[in-house]
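Protein chains: 6
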Amino acid sequence: MYSLTVCDHIMIAHSFHGEEFGPAQRLHGATYAVECEFRAAKLDDLQLLIDIGLAKTVLRQILETVDYYNLDDLAPFKGINTTTEYMAFYLHGKIAEACKDGRLGPGAKNVTSIKMLLREAPTAWAAFEGPLS
Amino acid sequence: MYSLTVCDHIMIAHSFHGEEFGPAQRLHGATYAVECEFRAAKLDDLQLLIDIGLAKTVLRQILETVDYYNLDDLAPFKGINTTTEYMAFYLHGKIAEACKDGRLGPGAKNVTSIKMLLREAPTAWAAFEGPLS
Amino acid sequence: MYSLTVCDHIMIAHSFHGEEFGPAQRLHGATYAVECEFRAAKLDDLQLLIDIGLAKTVLRQILETVDYYNLDDLAPFKGINTTTEYMAFYLHGKIAEACKDGRLGPGAKNVTSIKMLLREAPTAWAAFEGPLS
Amino acid sequence: MYSLTVCDHIMIAHSFHGEEFGPAQRLHGATYAVECEFRAAKLDDLQLLIDIGLAKTVLRQILETVDYYNLDDLAPFKGINTTTEYMAFYLHGKIAEACKDGRLGPGAKNVTSIKMLLREAPTAWAAFEGPLS
Amino acid sequence: MYSLTVCDHIMIAHSFHGEEFGPAQRLHGATYAVECEFRAAKLDDLQLLIDIGLAKTVLRQILETVDYYNLDDLAPFKGINTTTEYMAFYLHGKIAEACKDGRLGPGAKNVTSIKMLLREAPTAWAAFEGPLS
Amino acid sequence: MYSLTVCDHIMIAHSFHGEEFGPAQRLHGATYAVECEFRAAKLDDLQLLIDIGLAKTVLRQILETVDYYNLDDLAPFKGINTTTEYMAFYLHGKIAEACKDGRLGPGAKNVTSIKMLLREAPTAWAAFEGPLS
Chain L
1 MYSLTVCDHI
11 MIAHSFHGEE
21 FGPAQRLHGA
31 TYAVECEFRA
41 AKLDDLQLLI
51 DIGLAKTVLR
61 QILETVDYYN
71 LDDLAPFKGI
81 NTTTEYMAFY
91 LHGKIAEACK
101 DGRLGPGAKN
111 VTSIKMLLRE
121 APTAWAAFEG
131 PLS
Chain D
1001 MYSLTVCDHI
1011 MIAHSFHGEE
1021 FGPAQRLHGA
1031 TYAVECEFRA
1041 AKLDDLQLLI
1051 DIGLAKTVLR
1061 QILETVDYYN
1071 LDDLAPFKGI
1081 NTTTEYMAFY
1091 LHGKIAEACK
1101 DGRLGPGAKN
1111 VTSIKMLLRE
1121 APTAWAAFEG
1131 PLS
Chain A
2001 MYSLTVCDHI
2011 MIAHSFHGEE
2021 FGPAQRLHGA
2031 TYAVECEFRA
2041 AKLDDLQLLI
2051 DIGLAKTVLR
2061 QILETVDYYN
2071 LDDLAPFKGI
2081 NTTTEYMAFY
2091 LHGKIAEACK
2101 DGRLGPGAKN
2111 VTSIKMLLRE
2121 APTAWAAFEG
2131 PLS
Chain Y
3001 MYSLTVCDHI
3011 MIAHSFHGEE
3021 FGPAQRLHGA
3031 TYAVECEFRA
3041 AKLDDLQLLI
3051 DIGLAKTVLR
3061 QILETVDYYN
3071 LDDLAPFKGI
3081 NTTTEYMAFY
3091 LHGKIAEACK
3101 DGRLGPGAKN
3111 VTSIKMLLRE
3121 APTAWAAFEG
3131 PLS
Chain W
4001 MYSLTVCDHI
4011 MIAHSFHGEE
4021 FGPAQRLHGA
4031 TYAVECEFRA
4041 AKLDDLQLLI
4051 DIGLAKTVLR
4061 QILETVDYYN
4071 LDDLAPFKGI
4081 NTTTEYMAFY
4091 LHGKIAEACK
4101 DGRLGPGAKN
4111 VTSIKMLLRE
4121 APTAWAAFEG
4131 PLS
Chain R
5001 MYSLTVCDHI
5011 MIAHSFHGEE
5021 FGPAQRLHGA
5031 TYAVECEFRA
5041 AKLDDLQLLI
5051 DIGLAKTVLR
5061 QILETVDYYN
5071 LDDLAPFKGI
5081 NTTTEYMAFY
5091 LHGKIAEACK
5101 DGRLGPGAKN
5111 VTSIKMLLRE
5121 APTAWAAFEG
5131 PLS
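Chains as they are written, first to last, in this note's numbering: chain L, 1 to 133; chain D, 1001 to 1133; chain A, 2001 to 2133; chain Y, 3001 to 3133; chain W, 4001 to 4133; chain R, 5001 to 5133.
One thing to keep in mind: the hints can contain errors.
[As the list claims (entries may be wrong)] Quick list of the computed label-pair ranges, beta carbon to beta carbon: (1) 5025(R) - 1075(D): 19 to 25 Å; (2) 2056(A) - 1097(D): 26 to 32 Å; (3) 1074(D) - 2105(A): 30 to 36 Å.
[As the list claims (entries may be wrong)] Below, computed lysine-lysine pairings styled on DSS-like, alpha-carbon distance capped at 30 Å: (4) 2115(A) - 4100(W); (5) 1094(D) - 115(L); (6) 115(L) - 1115(D); (7) 4100(W) - 4078(W); (8) 4056(W) - 4094(W); (9) 1056(D) - 115(L); (10) 5115(R) - 5078(R); (11) 115(L) - 56(L); (12) 1056(D) - 1109(D); (13) 1042(D) - 3115(Y); (14) 1078(D) - 1094(D); (15) 4115(W) - 4042(W); (16) 115(L) - 4056(W); (17) 4042(W) - 4100(W); (18) 4115(W) - 4078(W); (19) 109(L) - 3094(Y); (20) 94(L) - 78(L); (21) 2078(A) - 2094(A); (22) 42(L) - 109(L); (23) 2078(A) - 4042(W); (24) 1042(D) - 1100(D); (25) 56(L) - 1042(D); (26) 42(L) - 3056(Y); (27) 2100(A) - 4042(W); (28) 3115(Y) - 42(L); (29) 115(L) - 100(L); (30) 2056(A) - 1056(D); (31) 4109(W) - 2094(A); (32) 3042(Y) - 3115(Y); (33) 2078(A) - 4109(W); (34) 3042(Y) - 1115(D); (35) 3078(Y) - 3100(Y); (36) 2115(A) - 5094(R); (37) 109(L) - 56(L); (38) 2115(A) - 2078(A); (39) 42(L) - 3109(Y).
Think of the hints as simulated: they come from the structure by calculation, not from any bench. Just so it is clear, the structure is predicted and the values come from calculations on it, not from any experiment. Glycine residues also receive a C-beta, built at the ideal position from the N, C-alpha and C atoms.
Use the sequences and the hints to build the structure in full.
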C-alpha cells in the first residue's frame, strides 16, 4: 500500500458547549496543522500516487472555507462542537469528495482511503480516516 | 475511524542483559517521548472521542509509576529487558486498563484500540498497538 | 553564556485591525507554541540556571491569563493588534517581572536576559528578547 | 502488534519525465529523511523486535547504493520516474530482502510487514508498506 | 529585540569540487528547508515587524531563481561550491536587497538584521546572519 | 556571521543532589539530543565553515566518553550535579578543545564561538555558548 501526505494549516476561532470543556467553553482559537494522507494500492504510469502540487492546491481550496473564520459563525457547524476530531472528519469528507469528482486528477481514481490529521498543539492531535465509498 | 493522540514524556534509567546490547548493557537512561493514540469508530454527542484533559491526567498518573526511576529497581520489570518496544507494550496495558475501568470517562467506551508510541531518540522509536479486549 | 528553555502552549482567539491583515481582520484564532529561554552567565551551586519545574509552573500561571480567551475582550489589549510579535513582547514582560520579583527562585537573580518565542504555525513564528533591566 | 522505527537520510539528484511535473522536469534534487518501520506480533526473549544498531547498519548499507547519486544515472531507475512514492517502494523491497535473507538477525523472522517512509520536504512525504511475502 | 521568521523550502541538485567532499563530489541533491528571520528593535503602528504574507511571497520569488535547478548550471554559482553555508549567505544577500529596496513594505525599514537558515538534513543545517548595511 | 550545526544524541543515567530536584534526586536517565553549532566570520576556499562529516565524527568521539553511562560513576562528574545546562557546558569545553588542537581540520581556525545545545525532552533544553579563547 502506497501513501502520500501533503500539509497545510488553518487558524480558526471557536467555542465549545458542555461543562466537560471547562475553559474551552470560552471563545478561543487554534492553529490546526493539517496532514492529509492519500492511500492507494498502485501508482500511475508516471509513478505518481497523486500530483503533490494539485493535492496542495485542492486542499488549500477546501481549507479556505474555514481558514481565518470563527467556526461558531459558519453554517455547517451550527449546533455542533467543532472539536479537533470533528473537524478532521469534516475536512476528510470534503477532500474525499474532491477525490471522487475528479478535482484531484485521474490518478486519484486509485485512492482507496484518506486520513485527515489535525495537530491542535505540540501535545495533542486528532484524525479521521476512512475509505472512499 | 477516529483517533486522538495525547503526549507526555518520562526520564528513566535502566540496563540491558544480553551481549547483543553492547554498551547498552551498562546502566544508562532515556527520555521517552510518549504518544498515546486512542481509536474509536464514533464520537460522543459532544463530538469528543475522549476528553483530552482527562486523557492527559490519566496518562500522567500511569507514567508517574515509572518516571524518574531506575527501571532495574522496579518490581514489574524484574528479569525483563525494558526495551522501548517492551515499555510501549507495558504502558499500553496500563492505559487500556484505565479505558476499561472507567477512569477515562464514559466516552472511552467507544475506544476500540490504543497505540502507545515511545520515542527514545530523534532516530528511533517503538510502539505497541492492540485492541481493547 | 548559559541558556535554559521551557515550553508550553496557548489557544486564543483574536482579530486584527488594518487592511494589511486581509482575511486575518476576521475573528480567527491561533495555537501559540511558547518557548521561553532564560540566559545567565553562571549557574548556581546545584548547577542549575533556574529550576525547570518552577519555570514551567510560573510560565503556566502567566499563560493562564490569556489561554482560552478571545484577546479582543481582554483589557490589556484594547486597541492593540495582538500579533504574534506583540504577544511575544507582552509575555516577555510578564516573565521578566516574575524573574525580578523572586517568583522564579533565587537562581533567577543570575538571569540577564530572556527570549520569548511564539510559534503560530509550522511556517511562521516570532520572538522578543531583551535584558532584565 | 509491535513496531520499531529507525531513521536515516539520503541526498539525491533526479529529474522527472511528464508535463505534469512542471519545473520538476528539470534536474533537481532532494533530501529524503528515511523512516523504516518494522512490525511484528511478538518480541524475542530479549524483548527486542529487532536490534536497532543492526537495523541502522543494514539500512545504511542499502541507502549507500543511492545516497549522493543522480538517480537518472543508476541502472535500476532507467526509464522510471523516481518519485518519492516510487523510491519508498524501491527501498522497501531492499529492506524486505534483508529481513528475509537473515541480514537483520534472527529476530527479524518475526517481522510480518515493513513501512518505508520518505520525507521529501517539511510539507510532503510518501510511504510504501507491505507484508513480507 | 523583535524577530519574525517565515519558512519555505527548495529542492536543488549540485556537486562539489574538492577531495574533502568525498561522495558529495558526485552530482547529488538536497531539500533545503529555509527559515528566514527578520530582526527589528521596534514594531510598526499595527504591531507588525513585517507582513508575514508579504515576507512569504518575496521569499518565494527569491527562491524561485534556484528552486528545482541544478545549481552547477546557474550563472551565479560558476566555480563556486554551493555548500549549505554558502547558499545561506547567497540567499541572505537577496532577501536583504528586497528589504532595502522596499519590496518587503514600509515596515521593513525597521529591520536591522536578517538570519537565513537552511536545513539540509535532520542532522545538519547552516545559516548566515548579518546586518542590513 | 556563518554558523553550521551538526546533531547526535546520547542516552545517560544520573541522579541529582539537592531537595530542589524532587523526584529527580532518584537515579533516572535522559536522552540528550545534541546540537553543536560552530560560528565563523568567513568560510574557507571550498565554501566550507567546517567539514560536516569530520564534525560529526569528532562530536561522536567526544560523546562516546559519556554515552550509555551512569554519569554518577564517571570521574569528571564526582560531586557535580550533571544538569542539562552543566552537561552543555562540559561538552562545549570538549568540542572547543577539538577545534583548537586541529582535530576539526584547518577550517576550524576560523571558528570564533561554539554553541552546544542539549534537548532533554520535547519541552525543555539547555545550552552553553562561548568564544574560543
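Hint check results:
no., hint, result
1, 5025(R) - 1075(D): 19 to 25 Å, "holds, 21 Å"
2, 2056(A) - 1097(D): 26 to 32 Å, "holds, 29 Å"
3, 1074(D) - 2105(A): 30 to 36 Å, "holds, 31 Å"
4, 2115(A) - 4100(W), "holds, 27 Å"
5, 1094(D) - 115(L), "holds, 28 Å"
6, 115(L) - 1115(D), "holds, 16 Å"
7, 4100(W) - 4078(W), "holds, 26 Å"
8, 4056(W) - 4094(W), "holds, 14 Å"
9, 1056(D) - 115(L), "holds, 24 Å"
10, 5115(R) - 5078(R), "holds, 25 Å"
11, 115(L) - 56(L), "holds, 15 Å"
12, 1056(D) - 1109(D), "holds, 17 Å"
13, 1042(D) - 3115(Y), "holds, 27 Å"
14, 1078(D) - 1094(D), "holds, 17 Å"
15, 4115(W) - 4042(W), "holds, 17 Å"
16, 115(L) - 4056(W), "holds, 28 Å"
17, 4042(W) - 4100(W), "holds, 17 Å"
18, 4115(W) - 4078(W), "holds, 25 Å"
19, 109(L) - 3094(Y), "holds, 28 Å"
20, 94(L) - 78(L), "holds, 17 Å"
21, 2078(A) - 2094(A), "holds, 17 Å"
22, 42(L) - 109(L), "holds, 10 Å"
23, 2078(A) - 4042(W), "holds, 20 Å"
24, 1042(D) - 1100(D), "holds, 17 Å"
25, 56(L) - 1042(D), "holds, 28 Å"
26, 42(L) - 3056(Y), "holds, 28 Å"
27, 2100(A) - 4042(W), "holds, 23 Å"
28, 3115(Y) - 42(L), "holds, 15 Å"
29, 115(L) - 100(L), "holds, 15 Å"
30, 2056(A) - 1056(D), "holds, 17 Å"
31, 4109(W) - 2094(A), "holds, 28 Å"
32, 3042(Y) - 3115(Y), "holds, 17 Å"
33, 2078(A) - 4109(W), "holds, 27 Å"
34, 3042(Y) - 1115(D), "holds, 15 Å"
35, 3078(Y) - 3100(Y), "holds, 26 Å"
36, 2115(A) - 5094(R), "holds, 27 Å"
37, 109(L) - 56(L), "holds, 17 Å"
38, 2115(A) - 2078(A), "holds, 25 Å"
39, 42(L) - 3109(Y), "holds, 27 Å"
Every hint from the earlier list agrees with this structure, and none is contradicted.
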